[in-house]
Amino acid sequence: NILLLLSCFVVPSSGQAATPEKPILSLHPPWTTIFKGEKVTLRCDGYHPLLLELRPISTLWYLGHLLLPSYKKSIEVHTPGVYRCQTRGAPVSDPIHLSVSNDWLILQVPYAAVFEGEPLVMRCRGWYDKIVYKLHYYHDGQPVRYFHSSANYTVPQARASDSGHYQCSGTMRIPVESAPMFSAKVAVTVQELFQAPVLRVIGRVEARGGAFGGVVLRCETRLHPQKRDTPLQFAFYKYSRPVRRYDWDAEYTVPEPEVEELESYWCEAATATRSVRKRSPWLQLPGRGSPLDLASTTAPDPGNQPLSFRKPPVSRSVPSVPSVPNVTSAGPQFPAGGAPTAGPPACAPPTPLQQTAGALKPDVALLLREMQLLQGLLSRVVLELKETQPLPGHRVETPTSHSAVSQGTPETTTVES
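Quick note on the UniProt record's numbering: the sequence shown kicks off at 1 and runs consecutively.
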(Lines of atoms letter the chains of each structure in order from A and count residues from 1; the text may use other names and numbers.)
(Lines give C-alpha, C1' and ligand atoms only; values in the text may rest on other atoms or scores of the structure.)
Protein backbone atom coordinates (compact mmCIF):
# COMPACT_ATOMS: atom_id res chain seq x y z
CA ASN A 1 0.00 0.00 0.00
CA ILE A 2 2.84 2.37 0.81
CA LEU A 3 4.51 1.65 -2.53
CA LEU A 4 1.22 2.19 -4.37
CA LEU A 5 0.68 5.50 -2.57
CA LEU A 6 4.15 6.74 -3.39
CA SER A 7 3.80 5.70 -7.01
CA CYS A 8 0.92 8.13 -7.38
CA PHE A 9 3.43 10.98 -7.13
CA VAL A 10 5.47 9.79 -10.11
CA VAL A 11 2.72 8.60 -12.50
CA PRO A 12 0.30 11.25 -13.79
CA SER A 13 -3.45 10.71 -13.97
CA SER A 14 -3.24 10.02 -17.72
CA GLY A 15 -1.60 6.70 -16.95
CA GLN A 16 1.66 7.51 -18.77
CA ALA A 17 4.90 7.60 -16.82
CA ALA A 18 6.35 11.08 -16.40
CA THR A 19 9.58 11.71 -18.32
CA PRO A 20 12.18 13.10 -15.91
CA GLU A 21 14.56 15.81 -17.02
CA LYS A 22 18.30 15.50 -17.29
CA PRO A 23 20.30 16.06 -14.11
CA ILE A 24 22.38 19.24 -14.02
CA LEU A 25 26.13 18.72 -13.81
CA SER A 26 28.12 21.63 -12.35
CA LEU A 27 31.82 22.33 -11.86
CA HIS A 28 33.47 24.10 -8.89
CA PRO A 29 35.48 26.26 -9.42
CA PRO A 30 33.77 26.93 -12.76
CA TRP A 31 36.82 26.61 -15.05
CA THR A 32 37.30 23.86 -17.62
CA THR A 33 41.14 24.08 -17.63
CA ILE A 34 43.29 23.46 -14.55
CA PHE A 35 46.99 22.92 -13.82
CA LYS A 36 48.42 19.46 -13.40
CA GLY A 37 48.06 18.33 -9.75
CA GLU A 38 44.95 20.45 -9.05
CA LYS A 39 41.47 19.05 -8.28
CA VAL A 40 37.96 20.25 -9.02
CA THR A 41 34.55 19.21 -7.66
CA LEU A 42 31.73 17.90 -9.84
CA ARG A 43 28.17 18.01 -8.51
CA CYS A 44 25.12 16.21 -9.95
CA ASP A 45 21.70 17.75 -9.17
CA GLY A 46 18.78 16.00 -10.74
CA TYR A 47 15.54 14.12 -10.55
CA HIS A 48 15.02 11.64 -7.69
CA PRO A 49 11.61 9.86 -7.60
CA LEU A 50 9.84 9.73 -4.22
CA LEU A 51 9.64 5.98 -4.58
CA LEU A 52 13.40 5.79 -4.22
CA GLU A 53 13.52 7.81 -1.02
CA LEU A 54 13.07 4.55 0.92
CA ARG A 55 16.63 3.53 0.00
CA PRO A 56 19.86 5.58 -0.27
CA ILE A 57 19.92 7.82 -3.36
CA SER A 58 22.63 6.72 -5.76
CA THR A 59 24.27 8.69 -8.58
CA LEU A 60 26.18 7.15 -11.45
CA TRP A 61 29.35 8.85 -12.74
CA TYR A 62 30.97 8.37 -16.16
CA LEU A 63 34.40 9.35 -17.46
CA GLY A 64 34.00 8.86 -21.18
CA HIS A 65 32.37 5.40 -21.35
CA LEU A 66 33.95 4.25 -18.08
CA LEU A 67 31.72 3.91 -15.01
CA LEU A 68 33.42 5.48 -11.99
CA PRO A 69 33.31 3.76 -8.55
CA SER A 70 31.38 6.52 -6.82
CA TYR A 71 27.69 6.97 -6.03
CA LYS A 72 27.72 10.34 -4.21
CA LYS A 73 26.13 13.54 -5.45
CA SER A 74 29.56 15.20 -5.73
CA ILE A 75 33.05 13.92 -6.46
CA GLU A 76 36.58 15.39 -6.71
CA VAL A 77 38.47 14.72 -9.93
CA HIS A 78 41.86 15.61 -11.42
CA THR A 79 41.92 13.44 -14.56
CA PRO A 80 41.25 15.11 -17.92
CA GLY A 81 38.33 13.88 -19.97
CA VAL A 82 34.58 14.13 -20.55
CA TYR A 83 32.42 13.68 -17.43
CA ARG A 84 28.71 12.87 -17.18
CA CYS A 85 26.36 11.84 -14.38
CA GLN A 86 23.02 10.06 -14.08
CA THR A 87 20.46 9.64 -11.34
CA ARG A 88 18.10 6.66 -11.08
CA GLY A 89 15.21 6.92 -13.50
CA ALA A 90 16.65 9.93 -15.37
CA PRO A 91 18.65 10.31 -18.60
CA VAL A 92 22.37 11.09 -18.68
CA SER A 93 23.40 14.71 -18.06
CA ASP A 94 25.10 17.02 -20.53
CA PRO A 95 28.91 16.58 -20.56
CA ILE A 96 31.67 18.68 -19.04
CA HIS A 97 35.08 18.53 -20.69
CA LEU A 98 37.96 18.97 -18.23
CA SER A 99 41.44 19.85 -19.49
CA VAL A 100 44.68 19.56 -17.50
CA SER A 101 47.66 21.69 -18.56
CA ASN A 102 51.37 21.64 -17.77
CA ASP A 103 52.03 25.09 -19.30
CA TRP A 104 53.20 28.20 -17.48
CA LEU A 105 50.07 30.10 -18.56
CA ILE A 106 46.47 28.95 -19.07
CA LEU A 107 43.32 30.75 -20.14
CA GLN A 108 40.28 29.70 -18.10
CA VAL A 109 36.73 30.08 -19.44
CA PRO A 110 33.37 29.08 -17.86
CA TYR A 111 32.18 25.49 -18.27
CA ALA A 112 28.51 26.50 -18.62
CA ALA A 113 27.02 27.88 -21.82
CA VAL A 114 27.06 31.68 -22.08
CA PHE A 115 23.96 33.23 -23.66
CA GLU A 116 23.43 36.57 -25.33
CA GLY A 117 23.11 39.38 -22.84
CA GLU A 118 24.95 37.50 -20.09
CA PRO A 119 28.45 38.45 -18.84
CA LEU A 120 31.36 36.50 -20.32
CA VAL A 121 34.24 36.21 -17.84
CA MET A 122 37.64 34.64 -18.48
CA ARG A 123 40.93 34.79 -16.64
CA CYS A 124 44.57 34.32 -17.57
CA ARG A 125 46.24 32.37 -14.80
CA GLY A 126 49.93 31.84 -14.15
CA TRP A 127 51.47 28.62 -12.87
CA TYR A 128 50.00 28.03 -9.41
CA ASP A 129 48.67 31.58 -9.23
CA LYS A 130 51.88 33.44 -10.00
CA ILE A 131 51.22 37.06 -10.95
CA VAL A 132 51.11 37.70 -14.69
CA TYR A 133 52.51 41.06 -15.85
CA LYS A 134 51.99 42.91 -19.13
CA LEU A 135 48.84 40.88 -19.65
CA HIS A 136 47.16 40.87 -23.07
CA TYR A 137 43.89 39.19 -24.07
CA TYR A 138 43.32 38.25 -27.72
CA HIS A 139 40.14 37.47 -29.67
CA ASP A 140 40.70 35.65 -32.98
CA GLY A 141 44.30 36.84 -33.00
CA GLN A 142 43.49 40.52 -32.34
CA PRO A 143 44.34 42.18 -28.98
CA VAL A 144 41.20 43.28 -27.14
CA ARG A 145 42.41 44.26 -23.65
CA TYR A 146 45.63 45.05 -21.77
CA PHE A 147 46.30 44.93 -18.01
CA HIS A 148 49.45 45.82 -16.12
CA SER A 149 49.10 42.67 -13.98
CA SER A 150 46.74 39.73 -13.38
CA ALA A 151 43.08 40.59 -13.97
CA ASN A 152 39.98 38.95 -15.42
CA TYR A 153 38.65 39.97 -18.80
CA THR A 154 34.87 40.55 -18.79
CA VAL A 155 32.39 41.20 -21.59
CA PRO A 156 29.41 42.71 -19.70
CA GLN A 157 26.77 41.69 -22.26
CA ALA A 158 27.94 38.99 -24.62
CA ARG A 159 26.87 38.97 -28.25
CA ALA A 160 27.13 36.36 -30.99
CA SER A 161 30.07 38.36 -32.39
CA ASP A 162 31.98 37.62 -29.17
CA SER A 163 32.23 33.94 -30.13
CA GLY A 164 35.60 32.77 -31.36
CA HIS A 165 39.05 31.71 -30.14
CA TYR A 166 40.61 33.51 -27.18
CA GLN A 167 44.20 33.57 -25.96
CA CYS A 168 46.29 35.48 -23.43
CA SER A 169 49.95 36.40 -23.08
CA GLY A 170 52.13 37.92 -20.38
CA THR A 171 55.33 37.69 -18.39
CA MET A 172 56.12 36.20 -14.97
CA ARG A 173 58.96 36.77 -12.52
CA ILE A 174 60.56 33.33 -12.01
CA PRO A 175 62.57 34.84 -10.29
CA VAL A 176 63.40 37.50 -12.89
CA GLU A 177 60.89 38.68 -15.44
CA SER A 178 60.54 36.18 -18.26
CA ALA A 179 59.98 36.67 -21.96
CA PRO A 180 56.31 36.93 -23.05
CA MET A 181 54.52 33.59 -22.83
CA PHE A 182 51.29 32.58 -24.55
CA SER A 183 48.46 30.34 -23.40
CA ALA A 184 46.77 27.77 -25.58
CA LYS A 185 43.79 29.01 -27.60
CA VAL A 186 40.35 28.30 -26.17
CA ALA A 187 37.11 28.24 -28.20
CA VAL A 188 34.18 30.22 -26.79
CA THR A 189 30.64 30.10 -28.21
CA VAL A 190 27.96 32.58 -27.19
CA GLN A 191 24.59 30.85 -27.47
CA GLU A 192 21.61 32.56 -29.10
CA LEU A 193 19.02 33.45 -26.44
CA PHE A 194 16.14 33.68 -28.91
CA GLN A 195 15.75 33.78 -32.66
CA ALA A 196 15.14 36.97 -34.62
CA PRO A 197 11.38 37.58 -34.55
CA VAL A 198 9.08 37.32 -37.54
CA LEU A 199 5.96 39.47 -37.92
CA ARG A 200 2.92 37.58 -39.20
CA VAL A 201 -0.74 38.26 -39.90
CA ILE A 202 -2.88 35.88 -37.83
CA GLY A 203 -6.41 37.16 -38.54
CA ARG A 204 -8.75 40.06 -38.82
CA VAL A 205 -11.09 41.83 -36.45
CA GLU A 206 -14.75 42.38 -37.20
CA ALA A 207 -16.45 45.49 -35.91
CA ARG A 208 -20.07 45.72 -34.92
CA GLY A 209 -22.42 44.79 -37.70
CA GLY A 210 -19.91 42.50 -39.38
CA ALA A 211 -17.85 45.35 -40.82
CA PHE A 212 -14.10 44.97 -41.20
CA GLY A 213 -12.36 46.37 -38.12
CA GLY A 214 -8.62 45.73 -38.54
CA VAL A 215 -5.86 43.13 -38.78
CA VAL A 216 -4.14 41.27 -35.94
CA LEU A 217 -0.33 40.95 -36.14
CA ARG A 218 1.83 38.65 -34.03
CA CYS A 219 5.54 38.98 -33.31
CA GLU A 220 6.83 35.39 -33.21
CA THR A 221 10.17 34.11 -31.93
CA ARG A 222 11.60 31.02 -30.21
CA LEU A 223 13.68 30.85 -27.03
CA HIS A 224 16.60 28.49 -26.53
CA PRO A 225 15.41 25.27 -24.79
CA GLN A 226 17.60 26.00 -21.76
CA LYS A 227 16.12 29.50 -21.49
CA ARG A 228 12.49 28.82 -22.32
CA ASP A 229 11.35 30.50 -19.08
CA THR A 230 12.96 33.84 -19.99
CA PRO A 231 10.24 36.53 -20.29
CA LEU A 232 10.27 38.66 -23.44
CA GLN A 233 8.59 41.94 -24.33
CA PHE A 234 7.45 43.12 -27.76
CA ALA A 235 7.16 46.47 -29.53
CA PHE A 236 5.56 47.31 -32.88
CA TYR A 237 6.59 49.95 -35.40
CA LYS A 238 5.23 51.57 -38.54
CA TYR A 239 8.20 52.72 -40.57
CA SER A 240 10.40 54.22 -37.80
CA ARG A 241 7.50 55.35 -35.58
CA PRO A 242 6.52 53.14 -32.62
CA VAL A 243 2.81 52.34 -32.69
CA ARG A 244 3.00 50.30 -29.47
CA ARG A 245 5.89 50.41 -27.04
CA TYR A 246 7.29 47.42 -25.18
CA ASP A 247 4.65 45.19 -23.61
CA TRP A 248 4.30 41.53 -22.65
CA ASP A 249 1.64 40.95 -25.32
CA ALA A 250 3.07 39.61 -28.61
CA GLU A 251 0.02 40.71 -30.64
CA TYR A 252 -1.05 44.07 -32.02
CA THR A 253 -4.19 45.09 -33.93
CA VAL A 254 -3.75 47.42 -36.89
CA PRO A 255 -6.78 49.72 -37.16
CA GLU A 256 -8.82 49.59 -40.35
CA PRO A 257 -7.68 52.98 -41.79
CA GLU A 258 -4.03 51.83 -41.75
CA VAL A 259 -4.54 48.33 -43.14
CA GLU A 260 -3.50 49.39 -46.64
CA GLU A 261 0.03 50.08 -45.33
CA LEU A 262 0.67 46.73 -43.64
CA GLU A 263 4.00 46.30 -45.38
CA SER A 264 5.38 49.27 -43.45
CA TYR A 265 5.10 47.39 -40.12
CA TRP A 266 7.80 45.50 -38.21
CA CYS A 267 8.31 44.40 -34.61
CA GLU A 268 11.04 44.04 -32.03
CA ALA A 269 11.55 41.49 -29.24
CA ALA A 270 13.70 42.14 -26.19
CA THR A 271 14.44 40.94 -22.69
CA ALA A 272 13.00 42.86 -19.76
CA THR A 273 16.34 44.58 -19.15
CA ARG A 274 16.81 45.31 -22.90
CA SER A 275 20.17 43.53 -22.77
CA VAL A 276 19.14 41.63 -25.93
CA ARG A 277 17.01 43.25 -28.61
CA LYS A 278 16.22 41.85 -32.04
CA ARG A 279 14.02 43.28 -34.77
CA SER A 280 12.01 41.49 -37.42
CA PRO A 281 12.07 42.04 -41.18
CA TRP A 282 9.31 44.11 -42.77
CA LEU A 283 5.96 42.36 -42.83
CA GLN A 284 5.60 40.03 -45.82
CA LEU A 285 2.07 39.40 -47.03
CA PRO A 286 1.38 35.93 -48.47
CA GLY A 287 -1.52 35.42 -50.81
CA ARG A 288 -2.89 34.92 -54.25
CA GLY A 289 -0.17 34.75 -56.88
CA SER A 290 1.84 37.58 -55.35
CA PRO A 291 3.93 37.70 -52.18
CA LEU A 292 2.45 41.10 -51.43
CA ASP A 293 -1.26 40.23 -51.53
CA LEU A 294 -3.23 39.01 -48.54
CA ALA A 295 -6.59 37.49 -49.23
CA SER A 296 -9.25 36.63 -46.72
CA THR A 297 -8.69 33.35 -44.92
CA THR A 298 -12.35 32.45 -45.36
CA ALA A 299 -13.95 31.41 -48.64
CA PRO A 300 -15.76 34.40 -50.22
CA ASP A 301 -19.39 34.31 -51.16
CA PRO A 302 -20.12 34.01 -54.89
CA GLY A 303 -21.29 37.59 -55.02
CA ASN A 304 -18.53 39.10 -52.90
CA GLN A 305 -14.91 39.85 -53.72
CA PRO A 306 -12.19 38.41 -51.43
CA LEU A 307 -10.73 40.81 -48.91
CA SER A 308 -7.45 42.39 -49.96
CA PHE A 309 -5.23 44.58 -47.81
CA ARG A 310 -3.44 46.05 -50.84
CA LYS A 311 -4.13 49.36 -52.51
CA PRO A 312 -5.58 49.14 -56.03
CA PRO A 313 -2.83 49.08 -58.66
CA VAL A 314 -1.87 52.46 -60.05
CA SER A 315 -1.77 52.61 -63.85
CA ARG A 316 1.59 53.49 -65.26
CA SER A 317 1.40 55.67 -68.40
CA VAL A 318 4.30 55.84 -70.82
CA PRO A 319 5.43 59.39 -71.60
CA SER A 320 4.78 60.38 -75.19
CA VAL A 321 7.71 60.41 -77.59
CA PRO A 322 8.25 63.68 -79.49
CA SER A 323 7.55 63.24 -83.19
CA VAL A 324 10.52 63.35 -85.54
CA PRO A 325 9.86 64.87 -88.99
CA ASN A 326 10.29 62.44 -91.87
CA VAL A 327 12.67 64.02 -94.36
CA THR A 328 12.11 61.34 -96.99
CA SER A 329 9.17 60.79 -99.25
CA ALA A 330 10.13 57.27 -100.18
CA GLY A 331 10.05 54.14 -98.11
CA PRO A 332 7.30 52.21 -96.37
CA GLN A 333 5.01 54.14 -94.07
CA PHE A 334 3.51 52.57 -90.95
CA PRO A 335 -0.24 53.19 -90.69
CA ALA A 336 -1.62 54.75 -87.56
CA GLY A 337 -1.87 52.16 -84.85
CA GLY A 338 0.06 49.66 -86.93
CA ALA A 339 3.35 50.00 -85.11
CA PRO A 340 4.00 47.21 -82.61
CA THR A 341 3.47 48.07 -78.96
CA ALA A 342 5.63 46.85 -76.07
CA GLY A 343 3.06 46.83 -73.26
CA PRO A 344 0.48 44.32 -72.03
CA PRO A 345 -3.26 44.91 -72.43
CA ALA A 346 -4.68 47.41 -70.00
CA CYS A 347 -6.81 44.75 -68.35
CA ALA A 348 -3.87 42.44 -67.55
CA PRO A 349 -1.74 43.14 -64.44
CA PRO A 350 1.86 43.94 -65.41
CA THR A 351 4.47 41.34 -64.60
CA PRO A 352 7.78 42.37 -62.94
CA LEU A 353 9.55 41.94 -66.29
CA GLN A 354 6.98 44.11 -68.03
CA GLN A 355 7.26 46.73 -65.30
CA THR A 356 11.00 46.87 -65.91
CA ALA A 357 10.49 47.09 -69.68
CA GLY A 358 7.94 49.86 -69.22
CA ALA A 359 10.63 52.27 -68.14
CA LEU A 360 12.45 51.62 -71.46
CA LYS A 361 9.42 52.22 -73.73
CA PRO A 362 10.37 55.83 -74.70
CA ASP A 363 13.81 54.72 -75.86
CA VAL A 364 12.41 51.76 -77.85
CA ALA A 365 9.86 53.95 -79.62
CA LEU A 366 12.55 56.46 -80.53
CA LEU A 367 14.75 53.66 -81.84
CA LEU A 368 11.92 52.36 -84.06
CA ARG A 369 11.42 55.84 -85.47
CA GLU A 370 15.10 56.14 -86.32
CA MET A 371 14.97 52.76 -88.03
CA GLN A 372 12.07 53.98 -90.18
CA LEU A 373 14.08 57.01 -91.23
CA LEU A 374 17.09 54.85 -92.07
CA GLN A 375 14.93 52.47 -94.08
CA GLY A 376 13.51 55.38 -96.07
CA LEU A 377 16.98 56.68 -96.88
CA LEU A 378 18.11 53.23 -98.04
CA SER A 379 15.02 52.89 -100.26
CA ARG A 380 15.78 56.23 -101.87
CA VAL A 381 19.32 55.20 -102.69
CA VAL A 382 18.14 51.94 -104.24
CA LEU A 383 15.63 53.76 -106.46
CA GLU A 384 18.26 56.21 -107.65
CA LEU A 385 20.65 53.42 -108.53
CA LYS A 386 17.96 51.65 -110.56
CA GLU A 387 17.05 54.81 -112.49
CA THR A 388 20.69 55.53 -113.50
CA GLN A 389 21.08 52.16 -115.31
CA PRO A 390 20.77 52.74 -119.19
CA LEU A 391 18.17 50.67 -120.97
CA PRO A 392 19.02 48.89 -124.32
CA GLY A 393 18.57 51.25 -127.29
CA HIS A 394 18.13 54.36 -125.17
CA ARG A 395 20.41 57.29 -124.54
CA VAL A 396 20.57 58.77 -121.09
CA GLU A 397 21.26 62.47 -120.58
CA THR A 398 22.17 63.70 -117.15
CA PRO A 399 22.43 67.23 -115.89
CA THR A 400 25.89 68.71 -116.11
CA SER A 401 25.70 70.29 -112.72
CA HIS A 402 24.38 68.92 -109.41
CA SER A 403 25.09 71.94 -107.30
CA ALA A 404 21.64 73.44 -107.89
CA VAL A 405 19.74 70.50 -106.54
CA SER A 406 17.64 71.62 -103.60
CA GLN A 407 17.56 69.73 -100.28
CA GLY A 408 14.80 67.20 -100.07
CA THR A 409 14.15 67.17 -103.91
CA PRO A 410 15.28 64.08 -105.78
CA GLU A 411 17.56 64.55 -108.82
CA THR A 412 15.91 64.25 -112.27
CA THR A 413 17.15 62.57 -115.41
CA THR A 414 16.02 62.97 -119.03
CA VAL A 415 15.50 59.86 -121.05
CA GLU A 416 15.19 60.08 -124.88
CA SER A 417 13.79 57.24 -126.81
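Careful: at least some of the hints might be erroneous.
Said to hold, decoys possible - Result set (SDA-like, lysine to any residue): computed pairs, CA atoms no more than 20 Å apart in a straight line:
#1 39 with 115
#2 22 with 89
#3 278 with 242
#4 72 with 40
#5 227 with 115
Just so you know, the hints here were simulated from the structure itself, not pulled from any lab data.
Check your understanding: When you check the alpha-carbon spacing of residue 39 and residue 115, does it fall within 20 Å?
Key -> violated (27 Å)
Check your understanding: Is residue 278 within 20 Å of residue 242, Cα to Cα?
Key -> holds (15 Å)
Exercise for review: Could you grab the alpha-carbon distance between residue 227 and residue 115 and see if it respects the 20 Å cut-off?
Suggested key: Status holds; Cα separation ~9 Å.
Practice item. For the pair supplied as a hint, residue 22 and residue 89, confirm whether the alpha-carbon distance does not exceed 20 Å. Key: holds (10 Å)
Check your understanding: If you draw a straight line from the CA of residue 72 to the CA of residue 40, is it 20 Å or shorter?
Key -> Status holds; Cα separation ~15 Å.
Going down the numbered hints, you'll see the structure goes against just number 1.
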